[in-house]
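Visitor: Chain by chain, the residues:
There are 2 protein chains.
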Amino acid sequence: MQTLTHQEITAMFLALGLLLASARLFGELARRFNQPAVLGEILAGILLGPTVFGALAPAWSTFLFPQVGGGALALDGLMTLAITLFLLVAGLEVDLSTIWRQGKLAINVGVAGIVVPFAVGFGAAWFVPQLMGIEAGADPLLFALFMATALSISALPVIAKTLMDLNLYRSDLGMLVVAAAVFNDLVGWIVFAVILGLLGTAPAHALSIGQTIGLTLLFALFMLTAARWLINRVLPWLHAHASWPGGVLGFALALALVAAAFTEWIGIHAIFGAFLAGVALGDSRHLRERTRATIEQFVSFIFAPLFFAGIGLKVNFVAQFDLLLVVAVLVIATLGKVLGCGLAGLLSGLGKREAWALGFGMNARGAMEIILGLLALKYGLIGERLFVALVIMALVTSLMSGPLLQHVLRLKKPRRFTDFLSARTYVNHIQARSRPEAVAELAKAAAAVAGLDAADVIDGVMIREEIMATGIGHGLAVPHARMRGLDRPVVAVGLSAAGIDFDAPDGRPAQLIFLLLTPVHDDGVQLELLADIATVFKGEEIRSRVGQVASFTEFLALVRSG
Amino acid sequence: MQTLTHQEITAMFLALGLLLASARLFGELARRFNQPAVLGEILAGILLGPTVFGALAPAWSTFLFPQVGGGALALDGLMTLAITLFLLVAGLEVDLSTIWRQGKLAINVGVAGIVVPFAVGFGAAWFVPQLMGIEAGADPLLFALFMATALSISALPVIAKTLMDLNLYRSDLGMLVVAAAVFNDLVGWIVFAVILGLLGTAPAHALSIGQTIGLTLLFALFMLTAARWLINRVLPWLHAHASWPGGVLGFALALALVAAAFTEWIGIHAIFGAFLAGVALGDSRHLRERTRATIEQFVSFIFAPLFFAGIGLKVNFVAQFDLLLVVAVLVIATLGKVLGCGLAGLLSGLGKREAWALGFGMNARGAMEIILGLLALKYGLIGERLFVALVIMALVTSLMSGPLLQHVLRLKKPRRFTDFLSARTYVNHIQARSRPEAVAELAKAAAAVAGLDAADVIDGVMIREEIMATGIGHGLAVPHARMRGLDRPVVAVGLSAAGIDFDAPDGRPAQLIFLLLTPVHDDGVQLELLADIATVFKGEEIRSRVGQVASFTEFLALVRSG
Numbered sequence: 001m002q003t004l005t006h007q008e009i010t011a012m013f014l015a016l017g018l019l020l021a022s023a024r025l026f027g028e029l030a031r032r033f034n035q036p037a038v039l040g041e042i043l044a045g046i047l048l049g050p051t052v053f054g055a056l057a058p059a060w061s062t063f064l065f066p067q068v069g070g071g072a073l074a075l076d077g078l079m080t081l082a083i084t085l086f087l088l089v090a091g092l093e094v095d096l097s098t099i100w101r102q103g104k105l106a107i108n109v110g111v112a113g114i115v116v117p118f119a120v121g122f123g124a125a126w127f128v129p130q131l132m133g134i135e136a137g138a139d140p141l142l143f144a145l146f147m148a149t150a151l152s153i154s155a156l157p158v159i160a161k162t163l164m165d166l167n168l169y170r171s172d173l174g175m176l177v178v179a180a181a182v183f184n185d186l187v188g189w190i191v192f193a194v195i196l197g198l199l200g201t202a203p204a205h206a207l208s209i210g211q212t213i214g215l216t217l218l219f220a221l222f223m224l225t226a227a228r229w230l231i232n233r234v235l236p237w238l239h240a241h242a243s244w245p246g247g248v249l250g251f252a253l254a255l256a257l258v259a260a261a262f263t264e265w266i267g268i269h270a271i272f273g274a275f276l277a278g279v280a281l282g283d284s285r286h287l288r289e290r291t292r293a294t295i296e297q298f299v300s301f302i303f304a305p306l307f308f309a310g311i312g313l314k315v316n317f318v319a320q321f322d323l324l325l326v327v328a329v330l331v332i333a334t335l336g337k338v339l340g341c342g343l344a345g346l347l348s349g350l351g352k353r354e355a356w357a358l359g360f361g362m363n364a365r366g367a368m369e370i371i372l373g374l375l376a377l378k379y380g381l382i383g384e385r386l387f388v389a390l391v392i393m394a395l396v397t398s399l400m401s402g403p404l405l406q407h408v409l410r411l412k413k414p415r416r417f418t419d420f421l422s423a424r425t426y427v428n429h430i431q432a433r434s435r436p437e438a439v440a441e442l443a444k445a446a447a448a449v450a451g452l453d454a455a456d457v458i459d460g461v462m463i464r465e466e467i468m469a470t471g472i473g474h475g476l477a478v479p480h481a482r483m484r485g486l487d488r489p490v491v492a493v494g495l496s497a498a499g500i501d502f503d504a505p506d507g508r509p510a511q512l513i514f515l516l517l518t519p520v521h522d523d524g525v526q527l528e529l530l531a532d533i534a535t536v537f538k539g540e541e542i543r544s545r546v547g548q549v550a551s552f553t554e555f556l557a558l559v560r561s562g
Numbered sequence: 001m002q003t004l005t006h007q008e009i010t011a012m013f014l015a016l017g018l019l020l021a022s023a024r025l026f027g028e029l030a031r032r033f034n035q036p037a038v039l040g041e042i043l044a045g046i047l048l049g050p051t052v053f054g055a056l057a058p059a060w061s062t063f064l065f066p067q068v069g070g071g072a073l074a075l076d077g078l079m080t081l082a083i084t085l086f087l088l089v090a091g092l093e094v095d096l097s098t099i100w101r102q103g104k105l106a107i108n109v110g111v112a113g114i115v116v117p118f119a120v121g122f123g124a125a126w127f128v129p130q131l132m133g134i135e136a137g138a139d140p141l142l143f144a145l146f147m148a149t150a151l152s153i154s155a156l157p158v159i160a161k162t163l164m165d166l167n168l169y170r171s172d173l174g175m176l177v178v179a180a181a182v183f184n185d186l187v188g189w190i191v192f193a194v195i196l197g198l199l200g201t202a203p204a205h206a207l208s209i210g211q212t213i214g215l216t217l218l219f220a221l222f223m224l225t226a227a228r229w230l231i232n233r234v235l236p237w238l239h240a241h242a243s244w245p246g247g248v249l250g251f252a253l254a255l256a257l258v259a260a261a262f263t264e265w266i267g268i269h270a271i272f273g274a275f276l277a278g279v280a281l282g283d284s285r286h287l288r289e290r291t292r293a294t295i296e297q298f299v300s301f302i303f304a305p306l307f308f309a310g311i312g313l314k315v316n317f318v319a320q321f322d323l324l325l326v327v328a329v330l331v332i333a334t335l336g337k338v339l340g341c342g343l344a345g346l347l348s349g350l351g352k353r354e355a356w357a358l359g360f361g362m363n364a365r366g367a368m369e370i371i372l373g374l375l376a377l378k379y380g381l382i383g384e385r386l387f388v389a390l391v392i393m394a395l396v397t398s399l400m401s402g403p404l405l406q407h408v409l410r411l412k413k414p415r416r417f418t419d420f421l422s423a424r425t426y427v428n429h430i431q432a433r434s435r436p437e438a439v440a441e442l443a444k445a446a447a448a449v450a451g452l453d454a455a456d457v458i459d460g461v462m463i464r465e466e467i468m469a470t471g472i473g474h475g476l477a478v479p480h481a482r483m484r485g486l487d488r489p490v491v492a493v494g495l496s497a498a499g500i501d502f503d504a505p506d507g508r509p510a511q512l513i514f515l516l517l518t519p520v521h522d523d524g525v526q527l528e529l530l531a532d533i534a535t536v537f538k539g540e541e542i543r544s545r546v547g548q549v550a551s552f553t554e555f556l557a558l559v560r561s562g
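Same order as they appear, the protein sequences are chains U and G. All letters in the first sequence, in the order written, are residues 1 to 562 by this note's numbering. All letters in the second sequence, in the order written, are residues 1 to 562 by this note's numbering.
To be clear, the hints were calculated from the coordinates, so they are not data collected in a lab. Errors might be hidden in some of the hints.
Any copy, or any two copies together, can satisfy a pair, since identical chains are not distinguished.
In silico SDA-like pairs for lysine to any residue, Cα to Cα no more than 25 angstroms straight-line [unchecked claim]:
{"no.": "1", "residue 1": "Lys314", "residue 2": "Ala497"}
{"no.": "2", "residue 1": "Lys378", "residue 2": "Phe63"}
{"no.": "3", "residue 1": "Lys378", "residue 2": "Gly69"}
{"no.": "4", "residue 1": "Lys104", "residue 2": "Asp456"}
{"no.": "5", "residue 1": "Lys444", "residue 2": "Ala504"}
{"no.": "6", "residue 1": "Lys444", "residue 2": "Asp487"}
{"no.": "7", "residue 1": "Lys538", "residue 2": "Ser243"}
{"no.": "8", "residue 1": "Lys104", "residue 2": "Arg292"}
{"no.": "9", "residue 1": "Lys538", "residue 2": "Arg290"}
{"no.": "10", "residue 1": "Lys538", "residue 2": "Leu218"}
{"no.": "11", "residue 1": "Lys444", "residue 2": "Ala136"}
{"no.": "12", "residue 1": "Lys314", "residue 2": "Gly69"}
{"no.": "13", "residue 1": "Lys412", "residue 2": "Trp244"}
{"no.": "14", "residue 1": "Lys538", "residue 2": "Trp237"}
{"no.": "15", "residue 1": "Lys378", "residue 2": "Asn316"}
{"no.": "16", "residue 1": "Lys412", "residue 2": "Ser243"}
{"no.": "17", "residue 1": "Lys538", "residue 2": "Trp244"}
{"no.": "18", "residue 1": "Lys444", "residue 2": "Asp522"}
{"no.": "19", "residue 1": "Lys538", "residue 2": "Leu287"}
{"no.": "20", "residue 1": "Lys538", "residue 2": "Tyr169"}
{"no.": "21", "residue 1": "Lys314", "residue 2": "Val258"}
{"no.": "22", "residue 1": "Lys538", "residue 2": "His241"}
{"no.": "23", "residue 1": "Lys378", "residue 2": "Leu346"}
Extracted from the complex, chain U is given alone in its bound form:
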C-alpha cells in the first residue's frame, strides 16, 4: 500500500500545526476588533502562503506546503474533508421552521434577495464580462451564470453571528433576516449545484447534464422530506440503544460523509450533500444541544480555521490583486443584494429603516462566497484575479454588515463590565472589614486609573450608599457613582473571603464587590453594567467558584469561559 514518506508526514503535521495556530491567533485578533474570525483566518493563510512566506522563504514554503506529490494530495484530502464538515455545521444551523413562521414575507425577501442580485450579476457578467474578470476562452454563459449565483448567495453563519452580537437574533427583524437567508442559502446552493452539473466536471461514468440536475433536485427533496422524517425517528432510538454521545456523533458524521460522496458522485460537489445532511439533522428536535455543540466546536475551531487559512495558500493575493475588478465586483454585489432585499422589504410593508437593515444584513457573504469561488477556481470557471476579488468582496461585505445595521437601526451594543476592568482595578484580597473601608480601597484603585481624585470618588460613592445600600444579595455588592470628568466607565472588583456587610436584602455579607464609576453624560451605561454583572453571576456555581480565584487572569477566565 502506497503511504506517505517520513518527510511528507513531518511536513504535514508541521503545516497543520502552523496553519491552525496562526489561523486561531489571527482569528482571535479579528474578534478582538469585533470582526468575524474568518477574516483573521484567511489573513493567516495569506501570510503563510505564496503572498508573504512563500516569497520570503520559497524552499521552506515548498517543504511545508508542497504543490505536488503525496504531501499535496494528503493536504488536499484533509482540506476537502474540512470544508465538507464545515458545511455540515452550516446546515445544522439552518432552522427550517423559522422560514415557515416568518411565512410569506420571508419568502418574498428571500426570492427578491436571490432574483435581483442574480439578474444584476448575470447582466454585468454577460454584457461587460471583461470588467468582471472573465478569463480568455471561458464559456460566457457559464461564466455569467456563475457570477449571478456567486452574487446572490448570503452567508447564514455570518448573518446569524452579526444579529446575535447586536442582540437582534430573536427580534422580529432578526428572525426575518435569518429566515430569508436560510431560504436564500438553500436555493442558492441548489442553483450552484445545477451550474456545477452544467459544467460537466463529472468523470468517465458521466451522467448527462439532465441526469445530474434531476438527481440534484431529487436528492435535495429527499433529504428535506423523507430523510428528515427518518432521522427524527432514528435519533431517539440511538439515544436509547447506542452509547452516548458516540452513537449519535458517529451517525451524524457517517451520514454527512455518505451524502457528500453521493453528491460528489452525481457531479456536484461533496459539500452540498454534507450541507443538506446538516439541515436534515439539525431540524430534528431530538438532536441534543450537547451533540450539536461538540460537532460545532470541533469543526468551527479546528477544521474551519484550517480550511480558511488554506485559502490563503492557494493564491498570491498581492500579485493577483486587481483594484478595478475588486471595486466592480464589490459594487455590483452590494447593489444587487441591498436593492433586492431592501425593495422587497419596502414593498412588503416594512419601515424604511427596517428595509435598509434587511438589505445590509443580507449583504454579508462570508465563508460561503469563498467556498463557491474556490470551487469555481478549481474547475477552471474563473481565474485567480477574480477569485481574489471574490474573497475580498466576501470579507468586505461581511465587515460592513454589522456596523451598517447598527447605524441604520441606531443600535448600540450592550457594554460589558469586563470592557472597563483591568488588572490595576482588580483586588484579589480586600483587606477592609467595613463597608467604608472596602469602598475606599476599591475607589483608590479606580481613581488612579481614571485620573480622578480618590477622595471625590469615595464621597460620591458613599453619598449614593447612604441613600440606598448596594448589597444585591447572594454575596454581591455594587457600590457605584456617576463622576464628573470621566470619559468612559471604570470598574473595580474586590474579593473578600470574610465578606463585608452591604446591607443586602438576604442579609448575606458581600464577598464580591464591584465599584462602578460612570460618566455623568452617559445615562444608559450604569444600568447596562449592573445588568451584565447580575447576568454573569446569576448561577450558584460561578459564585462559589469565584472564591477560589487566585489572580486577575483567573477571574477573567471564569467570567469569560464559565
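Keeping the supplied structure of chain U fixed, place chain G upon it in accordance with the hints.
Guide: Chain G in isolation, oriented as in the chain U frame:
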C-alpha cells in the same frame, strides 16, 4: 497545485462514511456483549478489507480503498492524523499525580510489569525467533528488542475502562493498577521511540542514532517538566483572553500537531509527540472538563473508529492467520505480564487475590499494542503474520482482563434496572388513580413477562406495601416484592401525569412508579436496583423531563443519554 480527482474524492468520502458507520455499528455490538468497542471496530475493518469484502468484490474494493495513487495517499494522511489525535487523547487520560500518590508500590509494579515481560519477550524472540514469527532477513537484535517492548506495553484506556465498569477505578487496587499502567505506558513508549530511532528509519537529513535517542529523551523530559509548567500558565490566560472554547481547543490541537511533527522529524513516530503533548495538557488543573470532553468525544467516536477499522484494511486476517504463532505470542505475552506484575504485588505485600488481579488487570494490551504493531509492520520490522498475531493477542488479552478480574476478586457488576425492563413492561400513561389500581396495572404487565400469576404478584406487592409504603419522595415510588418461581428480576415502569399517592415522606404523589419483582434466592439485586433508580433520578432536571416522554424508546433515551 496537485489535487484529488473527482473520482478519488467520491471514493474517499464513501470509504470514510462506510468505515465510520460500520466501525460504530460493530463497536456498539461489541459493547452490547460487554466487550471493548475496539474489538468491533477492527472487526468492521476486517469485513470491509481484503479478508472479506476485498475477496468478494475486488473491483469495488479497489475503487473504495485504493492501494496506490492520490486516494491511497489521502487516506494514509487521514489515518495518520487519526491515530495521532487518538494518542493525544490517550495522553490526556494519563494522570501523573496518580503515580506519585501510589508511590513506591506503583513504581515497583510498574517496573516489574515492564522488566519481566521485556525479559521474557526478549528471551523468546532471541532464542526461538522462528517460533515468534521473525521474517527472513530481519535483524535478530532489533526484532528481539521490538518483541520485548511489544509484550511489555499495557493499554491504559482499556484498563481504565475495565476498572470503571467494575466499580474499582477509585479503589486502592484500582488506583494502583492505573498508576502502574501509566508508568508502564510512559516508559514503554519511550523505549519504543528509542527502538524506532535504532531502526534508522530517518530520511536524508539523517540524525545519527545517538542524536535521535538523545533528542527523544530530552523531548520527553522537556514535555513533562518545562512544557507542562508553561501549559499550566497559558491555559488560564487563554480562558481569559481568547474565545471559549475555541482558544483552548485550537491551542491543544496545534500543540499536539507541532509536537507530532517534531517527533516525526527526529526519527521516531508522530504519535509519540502527540502522546506527550496530551500528558502535559491533561496534567493542568486549568484544563476544563468540557474541553477535555469535546476533544475526547470527537476523537474517540470519530477518529479512533476510523483508524481501528482501517487496521482491518491493511492485512488479510484469514490468509495471514497462523495458529501456532498466535498461541505462542499470546502465552508468552500473558506469562510475562501476569507473572511480573503478580510477583511484584506479592513481594510488595499485597494479598494473593489482589496480586493476581493486578497481573490480570495489567495484562490488557488493547489499542496500544496494535498501534505498535502497525508501525513495526510499516517499517518492515515484522511481517503480516506476526502483525495478525499481535492484533489477536491484543484483543484477547483485553477481552480476558475484565472477566478474570471479576473472577479472581469475586466481584459482581452492579445490575441496572434497565437490564430488566422492556417495552412490554412499560406503561406510558397509567390509567389508575389509586395505589392498588396502579400496582395492579403494572403487576399485570410484569406477571405476563415473568410467566407468573398476576394475582400472586399483586398480593405479594400489596403485602409489602402495607408493611411500609414505597413512595420515596420527589414523585417517585418503588413498589416491590420477592417472588418465588422467578429466575431473573422483572422491572415495570409506569408514568402518571396526575400522580398517585404512595405515602411518600415529602407528601408528593408519585408520577413515576417502578414495580420491582426479584427472585427469592437473590438477596442483593433488590437493593442494587433501588440504588440504581435513585441514582438515575437524583437530578431535578431528569425528573421534570421524564414527564414529557412519549414512548419506551424516549424513556430509555432519557435514562441512558441524559
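Visitor: Give a verdict on every hint.
Guide: So, going through the hints one by one against the coordinates:
1. Lys314 / Ala497: Answer is neither; intra-copy 56 angstroms and inter-copy 61 angstroms both fail.
2. Lys378 / Phe63: Answer is both; intra-copy 23 angstroms and inter-copy 23 angstroms each pass.
3. Lys378 / Gly69: both (18 angstroms within a copy, 20 angstroms between copies)
4. Lys104 / Asp456: So lysine 104 and aspartate 456 fail the 25 angstroms test inside a copy (59 angstroms) and across (63 angstroms) alike.
5. Lys444 / Ala504: Within. Shortest intra-copy distance 24 angstroms satisfies the 25 angstroms Cα cut-off; inter-copy 57 angstroms does not.
6. Lys444 / Asp487: The answer is within: 18 angstroms in one copy meets 25 angstroms, while 76 angstroms across copies does not.
7. Lys538 / Ser243: Between. Shortest inter-copy distance 21 angstroms satisfies the 25 angstroms Cα cut-off; intra-copy 34 angstroms does not.
8. Lys104 / Arg292: neither (29 angstroms within a copy, 45 angstroms between copies)
9. Lys538 / Arg290: Intra 22 angstroms, inter 20 angstroms, cutoff 25 angstroms: intra and inter.
10. Lys538 / Leu218: neither (49 angstroms within a copy, 48 angstroms between copies)
11. Lys444 / Ala136: Answer is neither; intra-copy 70 angstroms and inter-copy 81 angstroms both fail.
12. Lys314 / Gly69: Classified as both; 16 angstroms inside a copy, 22 angstroms across copies.
13. Lys412 / Trp244: between (42 angstroms within a copy, 24 angstroms between copies)
14. Lys538 / Trp237: For lysine 538 and tryptophan 237, only the inter-copy Cα distance (24 angstroms) is at most 25 angstroms; the intra-copy one is 36 angstroms.
15. Lys378 / Asn316: within (15 angstroms within a copy, 38 angstroms between copies)
16. Lys412 / Ser243: Between copies, since 22 angstroms is at most 25 angstroms while 46 angstroms is not.
17. Lys538 / Trp244: Between copies only: 19 angstroms across, 30 angstroms inside.
18. Lys444 / Asp522: within (22 angstroms within a copy, 71 angstroms between copies)
19. Lys538 / Leu287: This pair counts as between: shortest inter-copy Cα distance 23 angstroms, intra-copy 27 angstroms.
20. Lys538 / Tyr169: within (22 angstroms within a copy, 35 angstroms between copies)
21. Lys314 / Val258: Close across copies (22 angstroms), not inside one copy (27 angstroms); limit 25 angstroms.
22. Lys538 / His241: Classified as between: cross-chain Cα gap 22 angstroms, same-chain 36 angstroms, threshold 25 angstroms.
23. Lys378 / Leu346: neither (39 angstroms within a copy, 67 angstroms between copies)
Hints 1, 4, 8, 10, 11 and 23 from the list above are not met by this structure, while the remaining hints are.
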